[in-house]
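Colleague: With the hints as your guide, set chain V onto chain R.
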Amino acid sequence: MASLKLSHIYKVYDNGHKAVNDFSIDIADQEFIVFVGPSGCGKSTTLRMIAGLETITAGDLFIGDTLVNDMEPKDRDIAMVFQSYALYPHMSVYENMAFGLRNRKMPENEIRERVEKAAKMLDIEDYLDRKPKEMSGGQRQRVALGRALVRDPKVFLLDEPLSNLDAKLRAAMRTEITALHKSLKTTFIYVTHDQVEAMTMGTRIVVMKLGYVQQIDTPMNLYNEPYNKFVAGFIGTPQMNFFDVTLKREGNEVVVHFTNGDTIILPYENVSKIHQRYLDGKTKVTFGIRPEHIDLDENERGLKIIVTNVERLGNETNVYGKLGDSLGEFTMKDEGNNIVVKVIDRDDIEIGDIVYAEPNPAKVHFFDAETEVTLMSRIPEFNTVSAEVSGGGMTVMGQAAALPPAFREALGENRQFELVIPPDAVIEGSDFSRKVAKVEKADDKNLAYLENGDQYLFALVGEGVKAGDDYHFSLRNEKLNLNAGGREVLHALDDEDFLTGTFSKTEVKEKGDRVLHFFYNIGDMKIEAQPEHGYKINAIDGDSCYKNSYRYGVPRDAVRIAGAGENGLAAKVVKILDYGDACFAKLDAEGQELLINVEKGFDRKQVRVTFDTEDISVYSTEIDMKLC
Amino acid sequence: MSTNPNVKKYRSQSRTRRVSLSVTYTILIVLGVIWLIPLVWIVLSAFRCEYQDDGTFIGRVTSNFFPKAFGLKNFTDLFTATYYGIPGAFPRWMLNTLIIAVIDCIISTFLVLSVAYCMSKLRFKLRKTFMNISMIIGLFPGFMSMIAIYFLLKSVGLTGNPSHPEYSVIGLILAYSAGAGLGFQVAKGFFDVIPNALVESAKLDGCTSFKIFRQIILPLAKPIIIYQALMSFTGPWMDFIFAKVIIGADNAKYWTVSVGLYSMLFGTHPDTNLFTQFAAGCVIVAIPIVTLFMFLQRYYVEGVTAGAVKG
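Going line by line, the protein sequences match chains R and V.
Take the numbering used here: the final residue in the first sequence is number 628, and no numbers are missing along the way.
Take the numbering used here: the final residue in the second sequence is number 939, and no numbers are missing along the way.
Heads up, a few of these hints could be off.
Reference excerpt, derived from the structure (chain V facing chain R, CB under 7 Å, subset only) [said to hold, decoys possible]:
1. Gly699
2. Pro823
3. Leu826
4. Ser829
5. Lys831
6. Leu832
7. Asp833
8. Gly834
Simulated from the structure, these hints should not be mistaken for lab results.
All values derive from a computational prediction rather than experimental measurement.
All C-beta atoms in this analysis are idealised placements derived from N, C-alpha and C, irrespective of residue type, glycine included.
Just chain R, same shape as in the assembly (with noise of 0.2 Å):
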């Protein structure tokens, strides 16, 4: 039994192909996580660096507390169940069980016993003798897993195992599989294409499209709350369907136009977390909505549909149709009109009929059209609200504040403004206060519904704020962006600021022994880095390492001013950003910016900074890849 880490795993083949693109996940003890996605989206690639069978491009892979990158696939305690079983034809079922027991030198007697006690938990005691080709391909199968549990391993990984079944076996395997790992209390991988089979199975998915990871989420919370179009379409059977609209704030109601001219009505209270931008009516963004989540009208209200085909699977219908009220030509073509309605109870609908669709307004989801990310995530990205410059300060919310000067100096002419404001810029403080509509559980976090006019204000806040309260709070002004003039004048400051850079090695000989030293060089400054990063970087670039640059990432609170006699780089002072609470200088080191916090005040027109190594992250510049 054992908890994995997965850190920033990529897998890149030798002709350049990114078959796995920053995987990372923890992975607690007794997890069963399923890798689900279509074929090609590095799920088996990735359950495959797991048990050894690939190298690991990049990143780290922890089983239990041992880094394992460099391990041998026999040394890291895991079994594996293979799509095709990989039994061993010219052995029994017993000397299947037993060969990796063997090769372990494991007495003979604690070998029987384990496969006899494997071959009873799985009722293949009576089979022990056979050999794979007398049996059946569920017996098969079971045998599989019979030869991973006689190894009471730490890590369960198991690839596509029931594909090569029918569709009644695989369900009972599929119950078998989840009792067994409940029975085990250890952790299992499991790696399907099959979403049935992720959501019934799985405590925690991971959905991957093309090599990323697009959702890490609990079956429930993937079907409810989809990060974007590819997850809502890949979980749920029929398919989810999408419309192209436009959306309209009307009060307390939010108009959603179809495309065909058809519209309906939703109260806003259902699509608050939606940013304003997209409520005016012009922005394009894609509506999402279950066929099950949608009922058909007695009363004729809601979206007209001509019905194009009717599947009655006997405890429920699904209605093909198209929205309008003409079948048109038959095309194969998605049009974009097409919907899928799963109805129970009605065996009356013909093809050709007319029918009205009202969706249920509590489960419907908005994508943007561009990204096709979510428009209602868990935690909205910001809140937007409109300020002013009043005399020596400016009114926001309302409410007036100090206007710090690097705002001032951003606006120049511009008295109107917006600002942008991440939930996490919100922070315990007085300047502004605001009544707590309601406070939901996003993630680990506490999101708070601060009531702000006719919209919310979103704020991640502390355990003990409730609805009724008045939340008093200030705004982190380096985390906001701010919008004059119809553009962005001011971009929020980022937490790690990027410099390019090589790397080096020298050798030196330390007690008779030789030792390596590793360096990052970026412009004038050789500063050393940290051994197991430099192994990392020879490893993965090999000796091409000494010859390439890199991106190094450096967060701002690794940067500080070089003591004297320290080794450093030389910058400018370009500028100083004023935040008010925080002051930031901007520096100009041999062309590239980087920022570093100073006090107020701050005015040497010349330093030398350096960075401490163990915090510096390192990227390819060749591919975008994170090394170490």
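Modeller: Only chain V this time, still in chain R's reference frame:
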């Protein structure tokens, strides 16, 4: 009875089939006869046992295809006669050939299967380059390297060395088996069909690459082992060129059977009436190969067609 005009006339399928089969079989029988004539002639010559009117044995080919008398004299002479001053030369040549073929068979089979396994199941740098090079080399006939091999072996004293003529046998075994690894393609085709998942599963079960080869791959590769062993055995058994070059003309004691038989016809032996004995030798030489193929034909076919269809 009038014919229904609506029924379309069609050609009888069975009749078409009969005609086509008749033509096919006629061609095949003619080809078969042409192909068999030399064989029949050799076998008949081996058993030819004719005497002239004065009682002397006719050891030459006569104008008649079918012998007038049959007997085993050619065989008894073959096994008892002294050729090139060596009593019982033919059995000696047979033994030489058998030793060389068996040793080569063992070494070559191991090498071919090992290389095929590496190419099929292991991944390493320059693997594809090596496979391409080996394929290009394979396009050239083996005897192109003969002179080079001769001089290499000569430089280490493994050709017809007068003080140690027996070393030429070692030289010949080396010549046959050293390059065997390059002929891995057929075996690789067979190994490619064995699922990689088995290899990976064995890796997770704690096997080294060699153990996987020994315990997983080889037990599943019987047809290709037999195919490869047959190929490795018949190669030296029937080869003439390398044996002739490496052993040399003066070491009749260490000749292989093909060199010996050839010398019966075109050699410097004073007795020129050896054709029928040569024919008897040909029949004897063919017996082990025919027997092996008869018993192992099933595996041979499985081996030679391996990889053709994904199973």
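Colleague: Indicate, hint by hint, whether the structure satisfies it.
Modeller: For each hint, the structure was consulted:
Hint status for Gly699 of chain V: violated, given a least beta-carbon distance of 52 Å to chain R, over 7 Å. Given the 7 Å rule on beta carbons, the hint for Pro823 of chain V holds: about 6 Å separates it from the nearest Cβ of chain R. Contact between Leu826 of chain V and chain R, as hinted, is supported at the beta carbon level, the nearest pair being about 5 Å apart and thus within 7 Å. The criterion of a C-beta within 7 Å of any C-beta in chain R is met by Ser829 of chain V, whose closest approach is roughly 4 Å, and the hint holds.
Below 7 Å, beta-carbon pairs count as interface contacts, and Lys831 of chain V has one with chain R at about 5 Å; its hint therefore holds. Satisfaction of the interface hint for Leu832 of chain V is found here, the shortest Cβ-Cβ separation to chain R being roughly 5 Å, below the 7 Å cut-off. Evaluation of the Asp833 of chain V hint against chain R yields a held restraint, the C-beta minimum of about 4 Å falling below 7 Å. A hinted interface residue such as Gly834 of chain V counts as satisfied when its beta carbon comes closer than 7 Å to some beta carbon of chain R; here the least separation is about 4 Å, so the hint holds.
The earlier numbered hint that this structure contradicts is number 1, and it is the only one.
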